[in-house]
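Since the structure of chain A is already known, use the hints to place chain B with the ligands on it.
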Amino acid sequence: MIKTDILIIGAGPTGLFTVFEAGLLQLKCHLIDSLPIPGGQCAEIYPKKPIYDIPSHPEILAGDLVEKLLQQIKPFQPGYTLGEVAISLEKTEDNQYIVTTDKGTRHCAPVIAIAGGLGSFEPRKPPIKDLEFYENKGVEYMIKDPEKFRNQNVVLAGGGDSALDWTLFLEGIASSVTLLHRRNEFRGALDSVEKVQQLKNQGRIQLLTPAEVIQIEGTEKVESLLINHNGEEIKKICDAFIPLFGLTPKLGPIADWGLEIEKNAIKVDNSLDYQTNLPGVYAIGDVNTYPGKLKLILCGFHEATLMCQSAFQRIYPEKKNVLKYTTVSGVKGFDGSHKQAQKATIKSIE
Amino acid sequence: MSNDITIHVIDRDGITHTLSAPTDMNLNLMELCKASDLPVEGICGGMALCASCQCYIESSHNFPQQSEDEEAMLAEAFYVKENSRLACQIHLHSNLEGLVVRIAPEG
Ligand SMILES: Cc1cc2nc3c(=O)[nH]c(=O)nc-3n(C[C@H](O)[C@H](O)[C@H](O)COP(=O)(O)OP(=O)(O)OC[C@H]3O[C@@H](n4cnc5c(N)ncnc54)[C@H](O)[C@@H]3O)c2cc1C
Ligand code: FES
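Same order as they appear, the protein sequences are chains A and B. Here our numbering = 1-based position in the first sequence + 205. Take the second sequence: its position 66, counted from the start at 1, is 61 in our numbering, and no numbers get skipped.
The hints are simulated quantities; they were obtained by calculation from the structure and are not laboratory data. A few of these clues could be false.
Here are some of the chain A residues that sit facing chain B, going by a computed Cβ distance under 8 Å [as the list claims (entries may be wrong)]:
1. Pro241
2. Arg329
3. Gly363
4. Gly364
5. Gly365
6. Glu390
7. Phe450
Calculated pairs, DSS-like style, for lysine-lysine (alpha carbon to alpha carbon, straight line, at most 30 Å) [what the hints assert, rightly or not]:
8. Lys273(A) with Lys529(A)
9. Lys29(B) with Lys440(A)
10. Lys29(B) with Lys468(A)
11. Lys529(A) with Lys500(A)
12. Lys441(A) with Lys76(B)
13. Lys441(A) with Lys233(A)
14. Lys76(B) with Lys334(A)
15. Lys440(A) with Lys76(B)
16. Lys349(A) with Lys254(A)
17. Lys308(A) with Lys472(A)
18. Lys330(A) with Lys76(B)
19. Lys468(A) with Lys498(A)
20. Lys308(A) with Lys233(A)
21. Lys254(A) with Lys455(A)
22. Lys76(B) with Lys455(A)
23. Lys500(A) with Lys29(B)
24. Lys548(A) with Lys529(A)
25. Lys233(A) with Lys273(A)
26. Lys405(A) with Lys29(B)
27. Lys29(B) with Lys472(A)
28. Lys29(B) with Lys498(A)
29. Lys29(B) with Lys330(A)
30. Lys29(B) with Lys253(A)
Away from chain A, derived, C-beta distances all over 10 Å, residues of chain B [to be verified]:
31. Asp8
32. Gly9
33. Asn21
34. Ala30
35. Gln61
36. Asn78
37. His88
If you're wondering where the values come from, they're calculated on a predicted model, not measured in any experiment. For every residue, glycine included, the Cβ atom is placed at its ideal position computed from N, Cα and C.
Isolated chain A, as found in the complex (with noise of 0.2 Å):
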């Protein structure tokens, strides 16, 4: 069991710069994922794009922030568990929550931070009949473990940067790679689409576009798939069926917590501290909602700060708490940093 002060749910900006004011009360958090890397909608949908409303930067690339955001909490140590999703909130008798992701792995702590944005990141599914059937039987929306497809025949289905690179990733490994797309034009880095030009000149992968799969077959798992290339309908023995088309954010079981929900998001108390109606759980950035609402990233920093104030009060009723500058008592992290405004120098004029 993973136990901290404060559970973060969602690593995008929001839960990122928790951490960090949490550091600043000596609060230790640990974030889940279901994204592989942290950086939530900045680094699944626009990480090259640039954004201009970040207080102080005038430009900034959605990737770089990210970027910044991870080098500021670095000294505060954050536990990450990525790759997973958080999928049950349960109470304890002593007043912590237990929160469970889909793998099973159990985290501990007094006081959870919703920040799950527009919800966790997961794979479209394109609407191929009894195609859930196949999950796990061939069919795989995310290559976790590329070895498992050495001589497979393996079909990729999709048009952007990551159908590009896991079929020049996989021309390697498996016995035969065929990439199909609805169009023949791709939407990738440059250098991905020639090189998967080059393999198939060399006739080192097949390429079929335009082409859609439309039914697969197999009575216990995958074994063939009926593609439409061109309008003619042929038919393709493989192991495994790829379909690669991005990834879609949804609220997902977080709307089972028995939080109040009101369109799609978890009301807080906006007056206060942003907390839930159940006492210690807070939800923060774009996934709460309160008159006035703005989902915007420099709002997620605000409410972050606010909301870590009232977990430190949450779990040292004791202890007060007095709002310090950082820089007046500088940065003192948990791996022994120490960040501080350098004094003046006194000395005497002869």
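Just chain B with the ligands now, with coordinates in the frame of chain A:
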């Protein structure tokens, strides 16, 4: 207001919502639907990166050609038909008076 146009949006239950839309506020159809509490998500905020705003055009209005981004995104979307468009790429303009669109299934 004189600058307003009328747009008919058919939701996923087949119910038609008649919306009055301003043409002088630099709005697109995705933003109009969201502001009217219709179930259009607009996850990517209108950058043609998510297809959560896909709709079908059911009237015979003339549209400017799809941009490359929109074409590429629709090629990766589901339930795409001949008359599919991304609502976020449809700028509300006076020539769209009486437009009829149907919201595509979630996917
Ligand atoms: C294209 C685009 C442009 C934008 N431009 C701007 C801009 O210019 N300025 C601005 O201020 N904002 C902008 N935004 C909005 C901004 O990105 C969001 O406000 C911000 O990302 C919210 O941060 P967050 O940490 O609250 O949530 P998110 O970034 O959504 O992160 C939430 C994380 O929680 C995870 N999660 C959720 N539920 C679970 C669960 N049950 N288990 C595990 N993990 C879970 C998700 O996988 C996700 O990674 C833009 C958004 C988009 C899409
Ligand atoms: S809002 Fe994402 S494509 Fe239109």
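Evaluation of the provided hints:
{"no.": "1", "hint": "Pro241", "in the structure": "violated (19 Å)"}
{"no.": "2", "hint": "Arg329", "in the structure": "holds (7 Å)"}
{"no.": "3", "hint": "Gly363", "in the structure": "holds (7 Å)"}
{"no.": "4", "hint": "Gly364", "in the structure": "holds (5 Å)"}
{"no.": "5", "hint": "Gly365", "in the structure": "holds (7 Å)"}
{"no.": "6", "hint": "Glu390", "in the structure": "holds (7 Å)"}
{"no.": "7", "hint": "Phe450", "in the structure": "holds (6 Å)"}
{"no.": "8", "hint": "Lys273(A) with Lys529(A)", "in the structure": "holds (23 Å)"}
{"no.": "9", "hint": "Lys29(B) with Lys440(A)", "in the structure": "violated (42 Å)"}
{"no.": "10", "hint": "Lys29(B) with Lys468(A)", "in the structure": "holds (11 Å)"}
{"no.": "11", "hint": "Lys529(A) with Lys500(A)", "in the structure": "holds (28 Å)"}
{"no.": "12", "hint": "Lys441(A) with Lys76(B)", "in the structure": "holds (25 Å)"}
{"no.": "13", "hint": "Lys441(A) with Lys233(A)", "in the structure": "violated (52 Å)"}
{"no.": "14", "hint": "Lys76(B) with Lys334(A)", "in the structure": "holds (18 Å)"}
{"no.": "15", "hint": "Lys440(A) with Lys76(B)", "in the structure": "holds (24 Å)"}
{"no.": "16", "hint": "Lys349(A) with Lys254(A)", "in the structure": "holds (27 Å)"}
{"no.": "17", "hint": "Lys308(A) with Lys472(A)", "in the structure": "holds (28 Å)"}
{"no.": "18", "hint": "Lys330(A) with Lys76(B)", "in the structure": "holds (18 Å)"}
{"no.": "19", "hint": "Lys468(A) with Lys498(A)", "in the structure": "holds (12 Å)"}
{"no.": "20", "hint": "Lys308(A) with Lys233(A)", "in the structure": "holds (23 Å)"}
{"no.": "21", "hint": "Lys254(A) with Lys455(A)", "in the structure": "holds (23 Å)"}
{"no.": "22", "hint": "Lys76(B) with Lys455(A)", "in the structure": "holds (25 Å)"}
{"no.": "23", "hint": "Lys500(A) with Lys29(B)", "in the structure": "holds (14 Å)"}
{"no.": "24", "hint": "Lys548(A) with Lys529(A)", "in the structure": "holds (17 Å)"}
{"no.": "25", "hint": "Lys233(A) with Lys273(A)", "in the structure": "holds (20 Å)"}
{"no.": "26", "hint": "Lys405(A) with Lys29(B)", "in the structure": "violated (43 Å)"}
{"no.": "27", "hint": "Lys29(B) with Lys472(A)", "in the structure": "holds (19 Å)"}
{"no.": "28", "hint": "Lys29(B) with Lys498(A)", "in the structure": "holds (15 Å)"}
{"no.": "29", "hint": "Lys29(B) with Lys330(A)", "in the structure": "holds (24 Å)"}
{"no.": "30", "hint": "Lys29(B) with Lys253(A)", "in the structure": "holds (26 Å)"}
{"no.": "31", "hint": "Asp8", "in the structure": "holds (18 Å)"}
{"no.": "32", "hint": "Gly9", "in the structure": "holds (19 Å)"}
{"no.": "33", "hint": "Asn21", "in the structure": "holds (17 Å)"}
{"no.": "34", "hint": "Ala30", "in the structure": "holds (13 Å)"}
{"no.": "35", "hint": "Gln61", "in the structure": "holds (12 Å)"}
{"no.": "36", "hint": "Asn78", "in the structure": "holds (16 Å)"}
{"no.": "37", "hint": "His88", "in the structure": "holds (26 Å)"}
Consistency note: the structure conflicts with the earlier hints numbered 1, 9, 13 and 26.
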